[in-house]
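Each chain is listed here by its residues.
Number of protein chains: 6
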Amino acid sequence: MVDHVPLGPPDASLNPRYAGFATFARLPRLDEVSRADIAFVGVPFDSGVSFRPGARFGPSHIRESSRLLRPYNPAQDVSPFAGQQVVDAGDVIANPFNILEAVDQIEHAALALTEQGTRLITLGGDHTIALPLLRAAAQRAQQPVAVLHFDAHLDTWDTYFGAPITHGTPFRRASEEGLIDLTASTHVGTRGPLYTTEDLRDDERLGFAIISSVEIQDEGLPSAIRRMLTRLGDRPVYLSVDVDVMDPAHAPGTGTPEAGGMTSRELLSMIRALRAVNLVGADIVEVAPAYDHAQITGIAAAHVGYEILSAMTPKPE
Amino acid sequence: MVDHVPLGPPDASLNPRYAGFATFARLPRLDEVSRADIAFVGVPFDSGVSFRPGARFGPSHIRESSRLLRPYNPAQDVSPFAGQQVVDAGDVIANPFNILEAVDQIEHAALALTEQGTRLITLGGDHTIALPLLRAAAQRAQQPVAVLHFDAHLDTWDTYFGAPITHGTPFRRASEEGLIDLTASTHVGTRGPLYTTEDLRDDERLGFAIISSVEIQDEGLPSAIRRMLTRLGDRPVYLSVDVDVMDPAHAPGTGTPEAGGMTSRELLSMIRALRAVNLVGADIVEVAPAYDHAQITGIAAAHVGYEILSAMTPKPE
Amino acid sequence: MVDHVPLGPPDASLNPRYAGFATFARLPRLDEVSRADIAFVGVPFDSGVSFRPGARFGPSHIRESSRLLRPYNPAQDVSPFAGQQVVDAGDVIANPFNILEAVDQIEHAALALTEQGTRLITLGGDHTIALPLLRAAAQRAQQPVAVLHFDAHLDTWDTYFGAPITHGTPFRRASEEGLIDLTASTHVGTRGPLYTTEDLRDDERLGFAIISSVEIQDEGLPSAIRRMLTRLGDRPVYLSVDVDVMDPAHAPGTGTPEAGGMTSRELLSMIRALRAVNLVGADIVEVAPAYDHAQITGIAAAHVGYEILSAMTPKPE
Amino acid sequence: MVDHVPLGPPDASLNPRYAGFATFARLPRLDEVSRADIAFVGVPFDSGVSFRPGARFGPSHIRESSRLLRPYNPAQDVSPFAGQQVVDAGDVIANPFNILEAVDQIEHAALALTEQGTRLITLGGDHTIALPLLRAAAQRAQQPVAVLHFDAHLDTWDTYFGAPITHGTPFRRASEEGLIDLTASTHVGTRGPLYTTEDLRDDERLGFAIISSVEIQDEGLPSAIRRMLTRLGDRPVYLSVDVDVMDPAHAPGTGTPEAGGMTSRELLSMIRALRAVNLVGADIVEVAPAYDHAQITGIAAAHVGYEILSAMTPKPE
Amino acid sequence: MVDHVPLGPPDASLNPRYAGFATFARLPRLDEVSRADIAFVGVPFDSGVSFRPGARFGPSHIRESSRLLRPYNPAQDVSPFAGQQVVDAGDVIANPFNILEAVDQIEHAALALTEQGTRLITLGGDHTIALPLLRAAAQRAQQPVAVLHFDAHLDTWDTYFGAPITHGTPFRRASEEGLIDLTASTHVGTRGPLYTTEDLRDDERLGFAIISSVEIQDEGLPSAIRRMLTRLGDRPVYLSVDVDVMDPAHAPGTGTPEAGGMTSRELLSMIRALRAVNLVGADIVEVAPAYDHAQITGIAAAHVGYEILSAMTPKPE
Amino acid sequence: MVDHVPLGPPDASLNPRYAGFATFARLPRLDEVSRADIAFVGVPFDSGVSFRPGARFGPSHIRESSRLLRPYNPAQDVSPFAGQQVVDAGDVIANPFNILEAVDQIEHAALALTEQGTRLITLGGDHTIALPLLRAAAQRAQQPVAVLHFDAHLDTWDTYFGAPITHGTPFRRASEEGLIDLTASTHVGTRGPLYTTEDLRDDERLGFAIISSVEIQDEGLPSAIRRMLTRLGDRPVYLSVDVDVMDPAHAPGTGTPEAGGMTSRELLSMIRALRAVNLVGADIVEVAPAYDHAQITGIAAAHVGYEILSAMTPKPE
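First to last, the sequence lines map onto chains A, B, C, D, E and F. Okay, so the first sequence: first residue is 2 according to the numbering used here, each after it adds one. Okay, so the second sequence: first residue is 2 according to the numbering used here, each after it adds one. Okay, so the third sequence: first residue is 2 according to the numbering used here, each after it adds one. Okay, so the fourth sequence: first residue is 2 according to the numbering used here, each after it adds one. Okay, so the fifth sequence: first residue is 2 according to the numbering used here, each after it adds one. Okay, so the sixth sequence: first residue is 2 according to the numbering used here, each after it adds one.
Same shape as in the complex, but just chain A (with noise of 0.2 Å):
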């Protein structure tokens, strides 16, 4: 926590919005400040998409349509920007032709932007980035974490073309390596066609529950999110958001969009439910900005990263 005031965003009564560099909800860069709690980074990086490609372009894309957030946040009661440092970092250096370097330059950036106990927001870039963001992650906790991920997708699959790391596979990779705690793991608003009945049974044996977008209609959202908060315990949480949790009409900007997906109001409240929970890292991957139509994908990944964010935050005690 700082001891003195932390910079915020400009006052939007006498700077424009839609003036100054695009920094996350308007922030400050990491390097105006000593020291930050929480910082969103940005990895521009897409070389793990199998279908459409762009997300590279989601980091800045975020930005700036994250113009319009103000500091107050009435659903959560709380004040992200006034009681701690929260900046935004920039973006991470990913090799867009050599997925394993990529990752490694990830992982590593990663581990030095948390080093002096700063928490990440990731801004993707594909889902592949979660693996290398997981490892620095279980780094840091020194334990394995509980992944919770939204996503259409599951996300667990074996390889594509022979890679073994692709925006398809990262929990698969994550689990195996051991950093996931396989009692607490848990997928929210998958839907659609897999492969094969296998890929449940393998999703399971890998740590996963699954908490589907047709569960959250049928049986309300105050249960999904008990079920959710009761498979999470007081664990340390890392949270994946993928966009494509969305249904396309309300994320169309998007690598792999499936229809029958969750509402972003469904969404945003099942992130608030996570102010009880002890969240040691996050991401929202998959914006595809080639194929948003007036910022709408853009604006709820920004608002997914403020309710992330929200509730990082302590407490007024």
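Incorrect hints may appear among the rest.
As the list makes no split between identical chains, a pair holds if one copy fits it or if it spans any two.
Claimed, not checked - SDA-like cross-link-like pairs, simulated, lysine to any residue; straight-line CA separation at most 25 Å:
no., residue 1, residue 2
1, Lys316, Ile166
2, Lys316, Glu199
3, Lys316, Asp200
4, Lys316, Pro165
5, Lys316, Glu216
6, Lys316, Arg202
7, Lys316, Ala277
8, Lys316, Thr184
9, Lys316, Tyr196
Please keep in mind that the hints were generated in silico from the structure rather than gathered at the bench. Fair warning: this is a prediction, and the values are worked out from it, not measured in the lab.
With the hints as your guide, set chains B, C, D, E and F onto chain A.
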């Protein structure tokens, strides 16, 4: 009530809906009839916006998007063009370079149009226009009116860049001017971050209760509708619908979109419930066509206008 | 049922989903197999529309939008490509300048394709095509069929501009021709204005019950599904899905959009419930790609097709 | 020529260009004046297209795209609204389900509108409408007219799917009917593949010379203009402009686009040269708004209409 | 001229162009260097527009669109980042609700930024901003400057709605204030209709010659360039580029588009010719991103900025 | 040359162009004929891009955009489908996660397809694919080939992020491997900034001459064509067309757009001039559909393919 058969839209089985000059719902122009019971009127003005401009093109966009509306509304069991004369009164001229003059022009135009008892459904334009429209409505009602305000935002902020009259401030100014019934006014659908906790205290002091977007999701639509109707009672009600009350999925074409909004179906249901209410006037604002896609925002706005009209229509005896 | 391993889509872990000629779900073409149990077939015809044309490009758009579909459907616990031969039969030729000839061409093509017992899932095209498809379905079923009709509109109007066969009239004509089971047919998802109260009376007389979009919201999906299944009973059912049954947020790419529609998740849930029903044929119509964005309408239509196929798939014993 | 001051568009320094019902160039409607010298009229009809439909929305799109036109044309040194009465006559009703009936409706409407000597500039609609417009023009001229035809295509094909009257055949039918001056008619801007070499022979026999898009590039605009004017001579000329004569870069919003087209600047220059010609009527067709972007096709069409009007305007004495 | 190696953009073979906060051409920010020879600066202001607003988002859009610019310009044989310090100075704050205050803010910001001899290339914003920028430029030059003005329009009109300072009037006001060299100023690329013949007479009296878009086509680029350079001579020149000087095909993303414009290739060629000229400052205005597609307007504007910068760069000795 | 009537596209006056599975120009598939003289083949691969990805969807997009192509090409007076068998050979499988493996897959596929003397016109995909295609072409030609390269960029850079084979390096690698005739290869249409002056020296050393976009404008198309043909002589020529050689107005749907490019008309004219040249193979690359609008890039690419095919077609004796 007219004592002859009112002039309605041309028969769509003989006149293609895509043919003819665009008026709202293909209704006659004001100059084609001797007198109107209800008039749609455009206010193409957006110089009060703080973020994305473009609502100056709202009226023509909503008109083009309303060509599919038909004469009988089964949801309210009413034929709103049948027992009364409904028209499109064209656009009010408002100076784009002088907010104060524009606000005066709008107030005078609204007073002129309502002189013979015509009720107005105004197509904006940005939310600035609600202030002069409320001035005219309160003058015609000869009392403060209950404001029913659908919006993602409170719009009771004080000033931007020193300007007292903008699209973020109409209801504060209206409350200060005594135009609003402080015991009955209500925001519906609000969400997203604010500036400070002060915003909520100010808002309550200015006369507003809140039914938020999340509450509609969590408590259910019937309960939200009951709360709304109880709050409004039998007062004269001025209805102001900012299309950003809908989720950006349903209304991308707007100036300050926020994720987590209402569906168009919820919004239309709440408006239909106003059949029981004494509606003295209404506006539909913040349609910014440059950000719309396939007219989905325009179509939603057109349906909102049609349901408001139906709710204003007297029940056949 | 095939007595050898059916030919399915190529393995997506070796063949990129974006590669290869577009067939529905990357299925084999009809000419690649000896016989098909179920065939997707396109009818690129839109000369029956009264508002926005463009559905003639629907079949190719849905095919391109279906590349992500995978072989196992966990929501119905079925692998629809595994125990039966499913194909893409290409497009029917229909004269764009002569509705009556086109309708004949479609009927004959449907009869030819179903000669060996193949069931069809037709990709439109505008809703005009439901009439010849129903003629073929009733002839194959040797009895009137129950029509289950998802749509914003009734499509039981009489004539437009004197034309008896258009996209607004197929179910009136079908009812008049005795193709429809008058005790079981149902519209689901209707909403929006009509011409007169007569429309509803006619519609009932022509054999239809209604489960409206608002009723699904208000009574809840389980109740709506129960009503639908009760109405259908064990009759042979022809399913016709106009994508405008979904809200324009979920299906902007269509010809006569109406606000206040169903979500794609609700629609898919209702179609999954048809697993219990005797589906003899189906169509998915009114996808107008020029108004689509990022294929969201196409993707929703593709998922509808996939769930219909799954519902038609016999349960493994 | 009017003997009083003609009614023109409202003063744009007091009436915002984006305000008011959309008429072409914000001109008065026909019903606002006693008589018109020149009338813009819409024909929203596109049932004759063989590829992308949507030109039925052309008239309203061109009107919305014409709001920026101002009263003085320096390129022709003329004020076309000043010395004559110019109006927007609204839209002709044409049956979308019956080409033959539609063609009759259009011919009769054109004859009715030109009864008092009014000349028409018609906003299409697809190119089918040129046939009835030529019938009316030839009847009014009491002789065959020279057709000056800007288009990527010849539009002298014979039949499609057995239909003699479509958007690919108007000039063959017109030639067969004796409406066209066989010694003076000319295509400008043609390019792209044909069916057979026969097409060119037929076309010549039907009365047309060709100035192709590549010839304009290679021989230069002045030479092409000279050839055009020499060919036309002092005959009565009917001008038909298919916007696909422009490159898709300049006119994406059209039905059968071909690469390699003219620039809008070249097209406008050629039309200005018609000041020297006896123009008896004109049309601007094949604007398909669903494929337009930022109104660039609509704006080009509006400028084409404005230059035609200016070329028709008598020189002040 | 700097006496050390200037700070340039990061090496694109190690830092992906799509990574990092968006500055113009990925240049350093002003606060990262001690002093700048040339600064790009944004003025996000569009409250002076009479038609389509949205140029307030111009600066951030041009920055995002400039990521591909590389350090060596073969067309001018110069490395503009190498021998001088070039920076991005961020955005000037301008009150969106008060044109007069905004104009003052812009003038003061321009004077402050140029205090140490820095030359500015300003990214608008609408054309209103040329007035305060010219005030600052003339004050720094200590004499009237020759205005070289690329635009479809004259922008020497008098008032709109009584407002003397709007995007249609900057050069009339500047001329009246004595900021402009009346013997050398020039419009290039004008076209389209005006209000009256008076407009041209006024314009000439205010000090401008015209090289129209059609003249460039008809006399050829070399002749037009010669005329431009002869007119400018060796005076201090302020260059103002409204992107609507390009045809809407090349620059759809602008506020008052007119057909018949220049190609981007012609525009860049003319700007390159300014290498021989004494450029004291420049602006690029009227980029309205909401109407752009695939950044084509933004990319053209970025190239214009790069060529201006190159033309300002001293030749290596 | 075939000794029977080649199979061509279906008759468009009976089979709507929008119907049927999309093959290039509605040509037969390779598996429908016994042998092909010329084959279009797709290579959906874009893992070599340094900026905007998405060209993996290029082949299907070009196919959909080629439905309007007709059998007779008047500009070259040839019917390219008539005297030889032309087919669409479908897509080559290329690993998206391993550039080296992909390059091998493409080379082997090209060799396999050309084994019987078939010439290839390849639809990319990003420019990386030119390397393996050149390897196959040189092997088939049994000598180095003259590369005729239309592109905004040189594509003779060395490495990005250490990777030797990307879309910016194919012609350096090809030159180093001895695949290129160093006395005849040529870039056409280059423009925009480079890294250093070294780039030009390297490029010349690697065997390339340059005809820049500005030179085409300044010296005129006939002179540029003469230079091109003189340089090529009678050598075997491999033609590689990056669609970004066109201005973004004509080809927005591409990965690294640069302002100031060629028109589609100029490009098609230059390709037609290759009728006199010995074309051994060709590619059309860098079509990125997510950035296209109304298929204008796809249509331009389709016409380029059609003119290449026509230029390859032997003159009838």
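Now for the hints, and whether the structure bears them out:
1. In this assembly of identical chains, the alpha carbons of Lys316 and Ile166 never lie at most 25 Å apart, being 38 Å within a copy and 36 Å across copies at closest.
2. For the homomeric pair Lys316 and Glu199, the shortest alpha-carbon distance between copies (18 Å) is at most 25 Å, but the shortest distance inside one copy (43 Å) is not.
3. Proximity of Lys316 and Asp200 under a CA criterion of 25 Å is satisfied inter-copy only: 20 Å between copies versus 40 Å inside one chain copy.
4. When the C-alpha separation of Lys316 and Pro165 is checked against a cutoff of 25 Å, the pair qualifies neither within a copy, at 41 Å, nor between copies, at 35 Å.
5. In this assembly of identical chains, Lys316 and Glu216 lie within 25 Å of each other by CA distance solely across copies; the values are 23 Å between and 31 Å within a copy.
6. Taking the shortest alpha-carbon separations for Lys316 and Arg202, only the inter-copy value of 20 Å comes in at or below 25 Å, while the best intra-copy value is 40 Å.
7. When the C-alpha separation of Lys316 and Ala277 is checked against a cutoff of 25 Å, the pair qualifies only within one copy, where the shortest distance is 10 Å, while the shortest distance between copies is 44 Å.
8. For the homomeric pair Lys316 and Thr184, neither the shortest alpha-carbon distance inside one copy (28 Å) nor that between copies (33 Å) is at most 25 Å.
9. For the identical chains of this complex, Lys316 and Tyr196 are inter-copy neighbours only, at 18 Å across copies versus 44 Å inside a copy, given an alpha-carbon limit of 25 Å.
When the structure is compared with the earlier hints, violations turn up for hints 1, 4 and 8 and for no others.
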